[in-house]
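Put chain G on the given structure of chain W with help from the hints.
First to last, the protein sequences are chains W and G.
For the first sequence, this note's numbering gives the first residue as 1, with consecutive numbering after it.
For the second sequence, this note's numbering gives the first residue as 1, with consecutive numbering after it.
None of these hints come from the bench; they were simulated from the model.
Just so you know, nobody snuck in bad clues.
Copies of the same chain are indistinguishable here, so a pair counts whether it falls within one copy or spans any two.
Simulated crosslink set (SDA-like; lysine to any residue; CA at most 20 Å straight-line):
1) K89 x G146
2) K170 x I205
3) K170 x A97
4) K89 x V78
5) K89 x P148
6) K170 x G146
7) K89 x M233
8) K89 x I55
9) K131 x D37
10) K89 x L72
11) K170 x T183
12) K170 x S204
13) K131 x D29
14) K170 x L85
15) K170 x R103
16) K170 x D84
17) K89 x P228
18) K170 x G200
19) K170 x R151
20) K89 x F234
Protein chains: 2
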Amino acid sequence: VTLTIHPLRGIPEVEVGADLGGLLLASLDSGGLSLIDGDVVAITHKIVSKAEGAIREIDPEHEDAEYRRIVLDEAAEVIRVRGDLIIAKTAHGFICANAGVDRSNALPGTVVLLPRDPDRSAHRIRVALEKATGARIAVVVSDTFGRPWRRGLTDVAIGISGMEAVLDLKGTTDTTGRELNVTEVALVDELAAAADLVMGKAASIPAALIRGLAWQPGDGRATDLIRPAIEDMFR
Amino acid sequence: VTLTIHPLRGIPEVEVGADLGGLLLASLDSGGLSLIDGDVVAITHKIVSKAEGAIREIDPEHEDAEYRRIVLDEAAEVIRVRGDLIIAKTAHGFICANAGVDRSNALPGTVVLLPRDPDRSAHRIRVALEKATGARIAVVVSDTFGRPWRRGLTDVAIGISGMEAVLDLKGTTDTTGRELNVTEVALVDELAAAADLVMGKAASIPAALIRGLAWQPGDGRATDLIRPAIEDMFR
Numbered sequence: 001v002t003l004t005i006h007p008l009r010g011i012p013e014v015e016v017g018a019d020l021g022g023l024l025l026a027s028l029d030s031g032g033l034s035l036i037d038g039d040v041v042a043i044t045h046k047i048v049s050k051a052e053g054a055i056r057e058i059d060p061e062h063e064d065a066e067y068r069r070i071v072l073d074e075a076a077e078v079i080r081v082r083g084d085l086i087i088a089k090t091a092h093g094f095i096c097a098n099a100g101v102d103r104s105n106a107l108p109g110t111v112v113l114l115p116r117d118p119d120r121s122a123h124r125i126r127v128a129l130e131k132a133t134g135a136r137i138a139v140v141v142s143d144t145f146g147r148p149w150r151r152g153l154t155d156v157a158i159g160i161s162g163m164e165a166v167l168d169l170k171g172t173t174d175t176t177g178r179e180l181n182v183t184e185v186a187l188v189d190e191l192a193a194a195a196d197l198v199m200g201k202a203a204s205i206p207a208a209l210i211r212g213l214a215w216q217p218g219d220g221r222a223t224d225l226i227r228p229a230i231e232d233m234f235r
Numbered sequence: 001v002t003l004t005i006h007p008l009r010g011i012p013e014v015e016v017g018a019d020l021g022g023l024l025l026a027s028l029d030s031g032g033l034s035l036i037d038g039d040v041v042a043i044t045h046k047i048v049s050k051a052e053g054a055i056r057e058i059d060p061e062h063e064d065a066e067y068r069r070i071v072l073d074e075a076a077e078v079i080r081v082r083g084d085l086i087i088a089k090t091a092h093g094f095i096c097a098n099a100g101v102d103r104s105n106a107l108p109g110t111v112v113l114l115p116r117d118p119d120r121s122a123h124r125i126r127v128a129l130e131k132a133t134g135a136r137i138a139v140v141v142s143d144t145f146g147r148p149w150r151r152g153l154t155d156v157a158i159g160i161s162g163m164e165a166v167l168d169l170k171g172t173t174d175t176t177g178r179e180l181n182v183t184e185v186a187l188v189d190e191l192a193a194a195a196d197l198v199m200g201k202a203a204s205i206p207a208a209l210i211r212g213l214a215w216q217p218g219d220g221r222a223t224d225l226i227r228p229a230i231e232d233m234f235r
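For reference, chain W alone in the conformation it holds in the complex:
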């Protein structure tokens, strides 16, 4: 099966209280697309946060100091600090730069936080899209994270609904009949990364439709991807 990834264009600047389901459906419609069973809709968290009011005002006169204070407010635990960069664990448990507080693609005088409960956000959007279309889909809410040992950033899933976070291959065998030792694929992170290829950071394409992937419905959460502290060798 061939996978297709469609950028969802024409979504305007999102305001607090915006109906994201309606905006996504209008974008799909204007692109000549309608949702079908098995589709995955990936959405950058930025528009989710804006719709939910997960933004903070910031005084342009003291922007850097205020930004740092908001980052520390959002940090449940500071993991590392180097210069202006704070690597922190968020209240959700994600470890990322600046506790997920973002200045780009924020309206002037504001910063954008992570949604309070991105899995719940994904669920709400999925329910809205499924109600409107009758299709059985999954939703992935993404953010852009760095990695400790690799330069550059990739998109990962911070909220999901409708599928499991991890594809567990335990018990399956490889082409030689040997049981696989790679058993857990972070499927939703791969979906977020794939969607980012068509979204781009500078273009105003905050969502994408991924069609053609075989996946099992499930009620996973993106927080399932958080490695328990006891397994963490690098904190």
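What follows is chain G alone, placed relative to chain W:
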């Protein structure tokens, strides 16, 4: 532009000295595909290693001990050890589990190493495919890596040819006119992750064609993605 990702099927078990370019072209042909300018061919390193003879024999009687010895042979530096799991830096500089030595999808009595120079491998394959087709393409050789703080594995690029590893957005502005603070996207890692969605671990689909992405030709290397030790806060 819509992105399409086609699995490349029908590639037989690869033996030492195999003509990977020829196998990929035959697979494309049997799938009704021919390469065009802008295509990206993603290939799991496993078949590259096998074609290049980057495999080691292993005595099934002492498999675990021999495996550990080979992992330590391949490790330029051991970063962490927990039980059977060794996190190591390879000679290339990649930090990954078991120094990239893999038992799954290896023929019985063998293990598969990383290619000695995966960027060079990608280059050779790209040149072969470009010569045969006249198309200007990029090649990504992938492996499956874990992440310190997130459960599950994703595919990343360990060898590339024809494009830059990182998409540098420095100087570009977001939708509000503000300069982006996320400036480096690990484009080739997102391509590897996207390709893995159609390849799968258990199915014998070792390659994929990604079509429709806008990218600039370049002579990047996957080793460009290795974060210099001096920037590394987590070693």
